[in-house]
Amino acid sequence: MVNYIIRRFLAGILTIWAASIISFVVIQLPPGDYVTAYIANLQSTGTVLSREEADALRIQYGLDQPIYVQYVKWAGLMLRGNFGMAMEYNRPVREVIGDRMTTTIIVSVAAIILIWALALPIGIYSAVRQYSIGDYFFTFLGFIGIAVPNFMLALIVLYASFKYFNVQNIGGLFSPEYLQQSWSWAKAWDMAKHLPLPAFILGLAGMAEVVRIMRANLLDELRKPYVVTAQAKGLSRNRVIMKYPVRAAMNPFASTIGYLFPFVVSGSIIVSLVLSLPTVGPMLFKALVAQDLFLAGTILLLLSILTVVGTFVSDLILMWIDPRIRHGMEGQS
Amino acid sequence: MSQQNAPILSVENLHTYFRQDEGVVRAVEGASFDLYPGQTLGIVGESGCGKSVTARSILRIVEEPGKIEQGNIWLRTSGSNGSSQRVDLTTLDADSQAMRDIRGGEIALIFQEPMTSFSAFHTVGNQIIEAIRLHQKLSPKEAREKAIDLLRQVGIPKPERRIDEYAFQLSGGLRQRVMIAMALSSDPKILIADEPTTALDVTTQAQILDLLRQLQEEKGVSIILITHDMGVIAEMADAVVVMYLGQVVEEGPVDDIFHNPKHPYTRSLLKSIPSILAKPRTKLATITGSIPHPYNRPAGCSFHPRCPDFMPGRCDVAEPKLQKLNERQVVSCFLYDNLPE
Ligand SMILES: Nc1ncnc2c1ncn2[C@@H]1O[C@H](COP(=O)(O)OP(=O)(O)O)[C@@H](O)[C@H]1O
Ligand code: SF4
Ligand SMILES: [Mg+2]
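These protein sequence lines map, in sequence, to chains A and B.
Each residue of the first sequence is one higher than the last, beginning at 80 in this note's numbering.
Each residue of the second sequence is one higher than the last, beginning at 664 in this note's numbering.
These are calculated hints, taken from the structure and not from any lab test.
Built from N, CA and C at the ideal position, the CB exists for glycine as well.
Do not take every clue at face value.
[Unchecked claim] Keeping only pairs whose Cα atoms sit at most 27 Å apart, straight-line, the calculated DSS-like set for lysine-lysine is: (1) 804(B) <-> 322(A); (2) 730(B) <-> 303(A); (3) 730(B) <-> 322(A).
[Said to hold, decoys possible] Just the calculated beta-carbon pair ranges, DEER-fashion: (4) 873(B) <-> 316(A): 30 to 40 Å; (5) 295(A) <-> 981(B): 46 to 56 Å; (6) 803(B) <-> 241(A): 55 to 65 Å; (7) 686(B) <-> 295(A): 17 to 27 Å; (8) 727(B) <-> 173(A): 55 to 65 Å; (9) 196(A) <-> 728(B): 31 to 41 Å; (10) 316(A) <-> 751(B): 19 to 29 Å; (11) 803(B) <-> 295(A): 34 to 44 Å; (12) 728(B) <-> 295(A): 13 to 23 Å; (13) 321(A) <-> 727(B): 13 to 23 Å.
With the sequences and hints as input, model every part of the structure.
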């Protein structure tokens, strides 16, 4: 068991390392570098940068060196918790990302919690009342949830609340008066009030997916012999279902905690733009366009770390809740 | 055995159908039999004959869309003043308190797959204690002690340790013992064992059958033993019901079934015994042809396409009725139609 944890932990570290290389290389892949992108940007406003100025910039950012040297230097910075300079902003990456990472985590976690809280009961209902009107209704809703892109949903909600309910600041995570304030209970509460809508929009597609999987899992479990055993004891049908097959059908979801996170974050980029949510999504997008190595690299790396940590945590949870894993058995259920 | 007594369970003309889009599966089509106190009644027939559905019908746990369409299931219970009364289980609501008291309390079930019959997420102790506390007013601690005691009774070594283990940590034989302990936890009057040894190896099979016999002697429980294995029937049963395609085709004391079988199907089943004694778990392959699917039950006698004594123009036209042959034997076959009552 301890072995297992250590193995998973080392695998996690290895994954983060691999992710750092891949993100670094991928960011470099487009032709040119930050300076070319910067020059092009300046030219469009009429300013022309001299060759010397450009070279000086390259040297300042270390862009003149071979890519592996750049990587090693960057990795060294990262390990020391110094994420380098955000070129575009000419400020440390740490400052630029600032609270955005926190809000990203909060919004994503809220979306995930909402996904579970709504999708699992719906999935259970749909399986237990298979082919009922309710089941068809939720299945239909699920198709819509998967088919409609979530930024579209965000636009519709924005439009509708503006036009029909005359709600002004539906987007954003904070009321205007809290925007510039530092964290306080009042600000946190203000955020909590703003959270459900973006969380719902972000979570809808995932929700449809979780409903579908939960329904299928539970239908499978309901047919298993242990259900008959439990019934034959004299338990009521509801108690049988809630104690045994639902428990078994929920088990696999523990392993999706880590995987839901990047799913929600990548889904959040356009939605965040539309709803003006202060998450890292839009910032990552801009940094990639500007080929801002340090900013994009840091964001990608932090997201990978969060994913790996999420996966590690879900492994631990799975081990904690699944006796077959805890007792080192590849059992059938 | 005590055949003079009134039966403790009487199944009368039971019909259980599964109505599906593809057609109606007539899983049980007019089965009748009686179970007497302290007796072991064997129900035998090939796989798919409706044995399990009959068992589930008695417990009222037939899966959707299965339904009891006709018939009665009379259970005799002893009232508080010692008098006995009869309830028709088919009239009870399947999820009602009355039916749930009977399920596990009066009639218990053990079945074939002891691995998948337990939840992998709960210890066996959790599952036994749950059964105990459902029917008896015991504190968790008392129930746990009782569970350990039961495990000891069914021959599980170190029961105070085993109780906290999961089914997948036990061997097949131990799992089936735990299953038996759980079934007997509330002292049921009737134990239905649906292929209790089919998944086990020969040695373990013999041990489990011994255990059942021993427990029956100690507790006086009546057993319905369902199997496709005539060898098991020979070893265990007092009386035998032979089922084919959801119907009872022959019924009688075990000696008559083995030494004086009447129905051609029973005779075919018996022909498969020698091979069974040699290789205990081979299928009943000696019967020609395979069982038709219950969607399209053959007209007339449903056994006629496979029957060595098939009489054209008779067996495929009309359906034979179950009739008394003598004091002990009941059979449904036109071969015996001309006999005086
Ligand atoms: N849930 C179900 N849905 C549809 N048909 C079923 C179901 N359960 C059993 N049957 C059918 O009922 C018939 C009797 O099955 P069963 O009682 O399990 O046979 P046995 O126990 O004698 O092997 C079979 O033809 C089987 O296909
Ligand atoms: S009725 Fe006819 S077909 Fe059916 S078992 Fe008897 S002899 Fe065979
Ligand atoms: Mg069966």
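Verification of the supplied hints:
1. 804(B) <-> 322(A): 21 Å, holds
2. 730(B) <-> 303(A): Distance of about 19 Å is within 27 Å: holds.
3. 730(B) <-> 322(A): With Cα atoms ~25 Å apart, residue 730(B) and residue 322(A) stay inside 27 Å; holds.
4. 873(B) <-> 316(A): 30 to 40 Å: 36 Å, holds
5. 295(A) <-> 981(B): 46 to 56 Å: 48 Å, holds
6. 803(B) <-> 241(A): 55 to 65 Å: 58 Å, holds
7. 686(B) <-> 295(A): 17 to 27 Å: 26 Å, holds
8. 727(B) <-> 173(A): 55 to 65 Å: Given about 60 Å between the Cβ atoms, the range holds.
9. 196(A) <-> 728(B): 31 to 41 Å: 32 Å, holds
10. 316(A) <-> 751(B): 19 to 29 Å: Holds, at about 21 Å.
11. 803(B) <-> 295(A): 34 to 44 Å: About 35 Å separates the Cβ atoms of residue 803(B) and residue 295(A), which means 34 to 44 Å holds.
12. 728(B) <-> 295(A): 13 to 23 Å: Hint holds: Cβ distance 20 Å, inside 13 to 23 Å.
13. 321(A) <-> 727(B): 13 to 23 Å: 18 Å, holds
Figure legend: structure checked against the earlier numbered hints; every hint is met.
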